[in-house]
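**Q** Letter by letter, the chains look like this.
Protein chains: 2
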Amino acid sequence: MSQNFPAMKNDLLLRAAKGEKVERVPVWVMRQAGRYLPEFRAVREKHDFFTVCRTPELACEVTLQPLRRFKLDAAIIFSDILVIPQALGMEVLMVPGKGPTFPQPLKSPEDMERLNHNPDVHKELGYVFDALTLTRTKLEGQVPLIGFSGAPWTLMAYMVEGGGSSTYSKPRSWLYKSPNESKKLLTLLTDTIIEYLIGQVEAGAQLLQLFDSHAGVLDRELFLEFALPYLVKIVDKVKSGLREKGIDPVPMTVFAKGAHYAIEDMAKTNYDIIGLDWTMDALHARQISNAHGKTLQGNLDPAALYAPVEQIAEATKSMIAKFGTKSYIANLGHGMYPDMSPDHLEVFVDSVHKYSQS
Amino acid sequence: MSQNFPAMKNDLLLRAAKGEKVERVPVWVMRQAGRYLPEFRAVREKHDFFTVCRTPELACEVTLQPLRRFKLDAAIIFSDILVIPQALGMEVLMVPGKGPTFPQPLKSPEDMERLNHNPDVHKELGYVFDALTLTRTKLEGQVPLIGFSGAPWTLMAYMVEGGGSSTYSKPRSWLYKSPNESKKLLTLLTDTIIEYLIGQVEAGAQLLQLFDSHAGVLDRELFLEFALPYLVKIVDKVKSGLREKGIDPVPMTVFAKGAHYAIEDMAKTNYDIIGLDWTMDALHARQISNAHGKTLQGNLDPAALYAPVEQIAEATKSMIAKFGTKSYIANLGHGMYPDMSPDHLEVFVDSVHKYSQS
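Order-wise, the sequence lines are chains W and V.
If you're matching positions, the first sequence starts at 1199 in my numbering and goes up one per residue.
If you're matching positions, the second sequence starts at 1199 in my numbering and goes up one per residue.
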């Protein structure tokens, strides 16, 4: 339980999440542990992707790698959103150059019978909990540790489509052809995610982020019917479930990539932090978040890290000027790309330090 | 020249484009000629994709196929946005299950030397002009004929990335690393597109649509620097170029998929019609378009055609109620998917007829 972990030396992230006063804007970066780091590639040369996820020592090692280089204000546990479909009995392969691939996707609602409808989350995903506990201990209170999960719609989209897609037309067809069966699948995912996230906090996670990576292929109407209610159930049940166990709820972030049409809808939920992709307007989002007492996270165009370093510093300064230093967590608007330079990420992180002293 | 073509029997599209009064909202559908039609698949079984594009009789035949089934108010010439990179000397293969692929993408700005910087558009793309003239003649004035082009940023994105991508991180890196070289490439594309579109109108096209399919990976700042100025140059130069030739300019549509952040910016240009993808809010877009005297086009979620037919009719009715019947062209928010039912498209088209009599 969290009370046995080392005392926090830097809790900027947790205070910003709650809208409390901070001396400086906290910064972390999506996919800060990843292939752009040579030390990560060295680990991956010896171990395949899911072996790293499933081996607490390896997951811990790659989680800590970016902390050794950059003045980051959070660690995020190295894992993958597709561990949930795996826990439900689906095979997922990480195919080089193609990304995640399901050899046997759900071709029709009848295929849902193949799923494990009563997964033992602690048995199937205990390796994530072990990795969190080990990492939280090894962090020695240096920075908070973030846990995460894929959101129900995004996981359903992968499970039905069978991998990445520019349209996700197959899972979208389910929403129209088989709305009730879709909701059964989303409910199974939701209930599994709730148990998974409560377990993550018990294991040491201090903030939780939901990744709804495929929200952008939905319109607002579908998002309000097939994505948001499940996100709401998750935040509400995770927080109440923790309280019932006598554990203080942790701040929770919803990051629905592409859901430009639903920023206000998300601001009305019990999520503490709204993550913004790089296409979202900071000033507009700030108006909404202020009205609802939310913290914002984001949203520099990740591709801006390809720019010359002076330009990265300028862009970071300009981003902070738009968001302000209160109720704000600096981040990119999406994850790092594998061909990016660690030196350029360092300029981003250092620029947040430089330009956000309040 | 257009004056020799058969007189128009149905000019609803052209009147709606100009904001004139119409008896009924015109309707056409992106990718209305395509694999979802068995008669299209029959042609494709005998001829590969680019052979159909390059053979005026085949392009004309597949352009007319959907008109024989549905009460559509426009034909759109069967072609592909990647004919422009081909005209600049790049090889493009249509790989089944993968989509368009460039065996030799532009790996660095130096690779631009490989391009043909003075393409003879009439020689390289004369087959499109021939297809337009043949189709315009064969249409016998039944409905207007739409021509189109990919927009400069979208074509650059394909040429640099080498095919489809969920991030387009390579072309986005050019915008930050090599902005001047990027602008040279965008200018070459723009100048070629201008000549191409003027040629299309001379050959019989009565409305032109620009597809900026990858606008959604840009933020507003990049869109305003690397996409919009080229779109503006195109609309302005195509219209003035036609006037100089003594030809009446045709209405022009800009469809920047994912550019939710730039609807107002586009409304301030000389495009007549703003195409909306299915994630865009109709009421918000209508406020903007009314303020700038523009026509809107869109935007039913294409996946809605997977729904039961009664639901398609309801969704179409609701869409028209939001957009209103003036200055409006009914369409999907993106193209047809190959596994869709022609019968379901028919319900969409018929529902526009039924619910939009003014």
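Hints were generated in silico from the structure; no laboratory data involved.
Any given hint might turn out to be false.
One copy or two, either will do: identical chains are not told apart, so a pair holds if it fits within one copy or between any two.
To be verified - Straight line, CA to CA, 20 angstroms or less: simulated SDA-like cross-link-like pairs of lysine to any residue:
1) 1375 <-> 1537
2) 1207 <-> 1379
3) 1296 <-> 1361
4) 1466 <-> 1297
On a predicted model such as this, the values are computed, not experimentally measured, just so you know.
**Q** When no copy is specified for residue 1466 and residue 1297, does a C-alpha distance of 20 angstroms or less occur within a copy, between copies, both, or neither?
**A** neither (34 angstroms within a copy, 40 angstroms between copies)
**Q** Between copies, within a copy, both or neither: which fits residue 1375 and residue 1537 at Cα up to 20 angstroms?
**A** between (40 angstroms within a copy, 13 angstroms between copies)
**Q** With identical chains, the pair residue 1207 and residue 1379 could be close in the same copy or across copies; at 20 angstroms between alpha carbons, which is it: within, between, both, or neither?
**A** neither (47 angstroms within a copy, 47 angstroms between copies)
**Q** How do residue 1296 and residue 1361 come out at 20 angstroms by Cα distance, when the copy is not named: within, between, both, or neither?
**A** For residue 1296 and residue 1361, both the intra-copy (9 angstroms) and inter-copy (13 angstroms) Cα distances are at most 20 angstroms.
Of the hints listed earlier, those the structure fails to meet are numbers 2 and 4, in rising order.
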